[in-house]
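Trainee: Spelled out from the first residue to the last, the chains are:
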Amino acid sequence: MFLKCSLFVEKERRVKANSREYNDKFLYADNRIKTSKYNIFTFLPVNLFEQFQRVANAYFVVLLILQLIPEISSLSWFTTIVPLVMVLVITAVKDATDDYFRHKSDQQVNNRKSQVLIRGSLQKEKWMNVRVGDIIKLENNQFVAADILLLCSSEPYGLCYIETAELDGETNLKARQALSVTSDLGDVSKLLNFDGKVICEPPNNKLDKFTGTLNWRGNKYSLDNGKMLLRGCILRNTEWCFGMVIFAGLQTKLMQNCGKTKFKRTTIDKLMNTLVLWIFAFLICMGVILATGNTIWETWIGRGFEMFLPWTKFQISTVFSGFLTFWSYIIILNTVVPISLYVSVEVLRLGHSFFINWDVKMHNRQTNTAAVARTTTLNEELGQVEFIFSDKTGTLTQNIMVFSKCSINGTIYGDVYDEFGHRMEITEKTACVDFSYNLLSDGAFKFYDNTLVEAVKQKDPAVQEFFRLLALCHTVMSEESEGKLVYQAQSPDEAALVTAARNFGFAFWARTPESITVCEMGQVVTYQLLAILDFNNTRKRMSVIVRDAQGRLRLYCKGADTIIFDLLDPSSTDLMHTTSEQLNEFAGEGLRTLALAYKDLDEEYCDVWMKKFLFVSAVLENREDQLAALYEEIERGMKLLGATAIEDKLQEGVPETISKLNLANIKIWVLTGDKQETAVNIGYSCNMLRDDMTDVFVVSGHTLTEVQQQLREAKERILSLSRVSDARNDEENDMFADDSVFEEAIITEYALVINGHSLAHALEPQLEIVFLDLACLCKTVICCRVTPMQKAQVVELVRKHKRAVTLAVGDGANDVSMIKTSHIGVGISGQEGMQAVLASDYSFAQFRYLQRLLLVHGRWSYFRMSNFLSYFFYKNFAFTLVHFWYGFFCGFSAQTVYDQWFITLFNIVYTSLPVLAMGLFDQDVNDQNSLRHPSLYKSGQNNLFFNKRQFFLCTVHGMTTSFLLFFIPYGAFSVMVKEDGSHSSDQQTFSITIATSLVIVVSVQIGLDTHYWTAVNHLFVWGSLAMYFAILFAMQSDGLFGVFSNIFSFVGAARNCLSEKSVWLVILLTTAVCIVPDLFVRSIRASLFPTQTDKVRQLQQSCKSQRPEEQNLRRARRTSSRRSAYAFSHQEGFGELITSGKNMRTSRVSSTCSYERTAPSSKWIENVIKRTNAVSCISFGSPNKQHQSLKQPDRLNC
Amino acid sequence: MGKEKSKSGPLARRPDNSAFKQQRLPAWSPMLTASAVLPFFYLLALICMLLGVWLLLTVQNTQEMKVDYTEAGSCNLCFEMRKNVSNAGQRCTCMIMFSIEKAFKGDVFIYYGLRNFHQNLRRYMDSRDDGQMLGRKSNLKSPSSYCKPFDVDEKGVPIAPCGAVANSMFNDSFILTYYTINGPTVVPLLRKGLTWYTDKNVKYRNPKMDNLTLPEVFEGTTRPPYWQKPVYQLDPFDPNNNGFINDDLLVWMREAAFPNFKKLYGFLYRANKPFTKGLPAGNYSVTISYNFPVQYFKGRKEVVLTTVSWFGGQNHFLPIAYLVTSGLILLTAVVLTVVWWKFGKDGKNMAD
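If you read the sequences in order, they're chains A and B.
Under full-length UniProt numbering, the first residue of the first sequence is numbered 1, with each subsequent residue one higher.
Under full-length UniProt numbering, the first residue of the second sequence is numbered 1, with each subsequent residue one higher.
Next up, chain A with everything else stripped away, as it sits in the complex (with noise of 0.2 Å):
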């Protein structure tokens, strides 16, 4: 069945409702979820697969089977199987707990419930149970289980709303409308009857495109994006609706642009893989050398010692002599591939990825949450990062908009002084205005200025003018939940602002699409709504015209600045100047800014206007227009009020940060859903754009063309002008050639803002290349409009061509592929999506904990790393080439040099716990300096501290180590005697000799590499020196002699040998040869050529007499004058549907509605009458919508 459904291309999809015996012969995928790797019985077989893929698991099974033959076997068997058992079973361990994780999350996700008209009623069944042509119902706040038609809903019209925040991370409400035909179908026994057959699209991953049609009843409907829940969503301010599955499961849309699970490697993992190749290789060439010196060996000299040693039956000849003798020599040599290696590198990155959960500054105290490497393969890559892909809402910002300042009628209100008249940062401590007065307030709205409170107060008629166009002008629905007001607006800036005008006395209350009503200092008006002139992008602002209570007629706008003043009255021009500047302020300080006007309106001039403005909208050919000319005609000649401050609050530290990581050469990209404003004004705000920037280029074509041109043009105008700015500074180069400061000024920052549409193009084969060069060429790249499938493809684009590490950084489940993709993914936690944790590697609650977690964690690792590998290749080289040269010496017949017992040891006890506690303590420079010093990160991205040639440099000086460590004893000993006179010459003497040589040399050498001795260190040093002699002697002791007399033939050679003062002094020795050349090279090397690291370590050191005292990081001072005004949401408004009424609640839907309805609108009854009677001048439109609009509950009564 597999096979059956791989081999079938859908090209189409035909889906049947409430047929499920149709629908089943397409075999379309169902609603269960699958992200796990293994079942139980898959398990053994597809793990061991993937761990004995690795090149050095393999070898070792090889070596393995190579043992076991009796004639070429060197080393006992147990020697290799051991260490290989442990690894296998470690790793095993680790994949099965994963992967188990992941069974759970799916399980949970594919047992949620949802109802489903199955057989004729409503049925609760699990997600995954759910099928292609099911009808299901969804209510208020669920997800939205997969993806769905629409059919129709508790709203009129067959509206509903959905939050997309999993999918776009767009948290604004979107509407949903179903086919007129479908909507009156609210009801279980119509649903059943309906037999509509859906054509549409395969499944594919456009989040923003859907084709099809619907047949029902003989007639097609056509479908489209609108009429679609997409699995992810949930849905809001909606009862309940219905819907018909489309896709299902792994075809869902929000599944599509999940990308595939890779399995990550670190850049270090694939140079290790390479290098055991290498050393594979190596080990043939000595193994054939061997092999040959024993078939001239064994012709020349081995014929005549026949007599004392006849060759067994196997020793046909001597060239298959030599041919044995390479294989026995591989057993013997493969110690160049430690072993323990593998399983000494998965222990590290546990280490790493535990000081990692365990950093108390990576711990966010509001939401309680501590950094998490999910993954603990990837540590050191996390050093080498070069490009940070970023999400924004919910990354970059906190996705709150906060009203935190304005300016009426020329008055500044919203900034604190002191009481010398200084402005005064605002902290967390700083006294918040008490909005207890006010009944209505918002409890989580704060604000500082006790002035403007004041101001309200005393009923200044500018300030209340002011409050009270924000509690009119805009599409905010407001709405009950648990006896308290709540706003639902299509853009937070929307919701920023009725909150303040709320809590300043103004509380937008209720409307109807004829009125608003609003409770003004404790009194509720209502006003009649006669238009809402709407928002769209061209016009950037946005009006309503309401009468009020006495009467009188007036337009309230509020809209860009830019756009305002020009259509102000001259009488406004004095105030227009004063807050013209007031608004360079505000945009100096990142703030979101909008004007606000207002204009009397006489009545007939209205009435007029208002039967131009019911043609018009009739109006079919040009009606945008129309309107258009139409609104700026009565929207000319007003009055500024003043303006608005919104703060788009960006997480904690999030400027520092990115300046941070810019001087670390780490490139941030911005991958935003946002529109292009919203981005750029981040962008702004965080200091990756600002005005001394060069050029920011904007990419927003439409066709191939021409997005090829702009980037083109682009890429030209950088490179003329880096010419230009390159021929300048070599004139200028002698005059200023050690002022580092004026060659920062002159070098030229460029930034790139792309959009979705542009994108798509320039992620074409034929662009792509052009695109990525002009973004390399750039300082900051944002690209906004982008599906989460488009994130993903920047990320491969980057990761293809560059060879750059990579890493994505985001919150939302459309954050999800892009984080699959990089090599690295973080996940902010701690907010409501799960999704991006849950792919991610990485996770923590704030963006400005990623500069922890790579200049310090991951420096700190790929650092540790390094030296790790370094000094293991160094050390292996260094123990095992030993038998390399004694081969010469012992006529090439794979004679070990060390006894078994050493060999087997060496790697595991007496060299592994210095080596470990170097890689997992070690520090170059603490982390204060790390943060201070970004420029110390880049050694990581260069791959300075281990690469081939790092590589190959210790691997020479293991060999060199290895050839001292042999010829110094064996010149020593060809001559040498005991102090009693009887020989010492012998084998296990000079094992001894040997071994114990080594083991210091290469303590004395982890001493050299280790920059940070901590108690552990030294324990572990000391410990394992001492360990090994315990271990000599207990293992040469008469005892175990006694009992393995086979094994422990060594027996008393330690005691007799090193009892020796001779043997000593050629240790001696051998040690200092060892090591006075390496410690001579590093100190030339460190004075000659001092690293960066050096440098930060000898401030460090010369600091360390003084108080370590807290950086203050000051907060990055922005430069911009630029000015943004963007409050809305970047569609078009809900003004429409407002004055529509389509999406207030009619007397229909209630009357469709359950029994637990009903108890509760015979209380609305009550409210309504209760307030009519402290209403003093309404006027309502019909009883229903007045019923429906007065949903409140009796506290909310002012």
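Among the clues, some could well be false.
[As the list claims (entries may be wrong)] In silico DMTMM-like pairs for lysine to aspartate or glutamate, Cα to Cα no more than 20 Å straight-line:
1) B:Lys141 with B:Asp126
2) B:Lys208 with A:Asp1038
3) B:Lys21 with A:Asp1038
[Unchecked claim] Covered, in the sense of this in silico footprint (three residues per stretch, anywhere, with C-beta under 8 Å from a C-beta of chain A), are these stretches of chain B:
4) 48 to 62
5) 108 to 121
6) 158 to 170
7) 190 to 200
8) 246 to 258
In case anyone wonders, no lab produced these hints; they're calculated from the structure.
Note that beta-carbon positions come from the ideal geometry of N, C-alpha and C, so glycine has one too.
Dock chain B against chain A, hints included.
Mentor: Chain B only, in chain A's frame:
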């Protein structure tokens, strides 16, 4: 971890603020700059120099005499004779004259030296049964397969001691004669105490006697094919130096690391004149019972006489190596000093 879970409140998941977990353990972080390592370099150079000089002086006071007797003098005949395997049973004795110009003072050790004899071949080294030589009865009767082809003879009788190592045991013997004015005097040699204590008492044991004589214990085994005498008759004079704990056997069984080696044969017995102070200068001869064939492997045999110092026999390698090392370290130290003086002293290079 359990502790953390039991915590509650807003900081429940806050990691411990301990020095270990925050990687703030107090630590010593030395910097290997020129100024830091210079004292060490000078100190090391000094130590090496002193040791080298001391060792050199010591070595000057030791003496060594090597007499290669492979084909020298009358041994030529024996050498030719041993070329033919069929003459293995025949005795051959030869004598070589040599003279000592300067008296050997103190203890004098006599060694036999072999050149080009590979005791360090893997198969050769493995070809022994430590269990058998520890006196295990079971191993005595059924030697380990490692001993092949010297585990059993043609009739299937187990060989004791089995294996190629024991089989190839060196079996020449020497008589040293000193020619005084009064005529030749045999130089008295001590042929005991040649081995490590552990070898004689721990590693090698004879099978349990249980009131039997040594030959009875070894009954049912046969001597190694190249041996002339069974293992229990190795020392005709001292019954306690027979079997698996015979000193010569033990010395041989301790395999040499390199193809050229010497093994202890005996000491000078200094109780009687004129040998109380060592070997006096004069003429000597060594009479060799020439049994061990070396021509197959192009080997050489020699007799070595030597005196020892506190760090062993005459060993020129160590003092010279120490002196050379000391010189090199001194050289690097001087280079480092110059570098430090020119660049690193004021820390200019380190400035950011």
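Trainee: Hints first: check each against the structure and report whether it holds.
Mentor: Comparing the hints with the structure gives:
1. In summary, the hint linking lysine 141 of chain B to aspartate 126 of chain B is supported, as the alpha carbons are separated by about 19 Å, within the 20 Å threshold.
2. This hinted pair checks out: lysine 208 of chain B and aspartate 1038 of chain A have alpha carbons roughly 18 Å apart, not beyond 20 Å.
3. Using a Cα cut-off of 20 Å, the hinted pair lysine 21 of chain B and aspartate 1038 of chain A is violated, with the two alpha carbons roughly 44 Å apart.
4. Against chain A, the region 48 to 62 of chain B contributes 3 residues with a C-beta closer than 8 Å to a partner C-beta. That satisfies the three-residue criterion, and the hint holds.
5. Only residues whose beta carbon comes within less than 8 Å of a beta carbon in chain A count, and the region 108 to 121 of chain B has 7; three or more means the coverage holds.
6. Evaluation of the coverage hint for the region 158 to 170 of chain B: fulfilled, as 3 residues show C-beta separations to chain A shorter than 8 Å, against a requirement of three.
7. Given a C-beta distance limit of less than 8 Å, the hint that chain A covers the region 190 to 200 of chain B holds, as 6 residues qualify and 3 suffice.
8. Counting residues of the region 246 to 258 of chain B whose beta-carbon sits less than 8 Å from any beta-carbon of chain A gives 6, enough to reach three: the coverage restraint holds.
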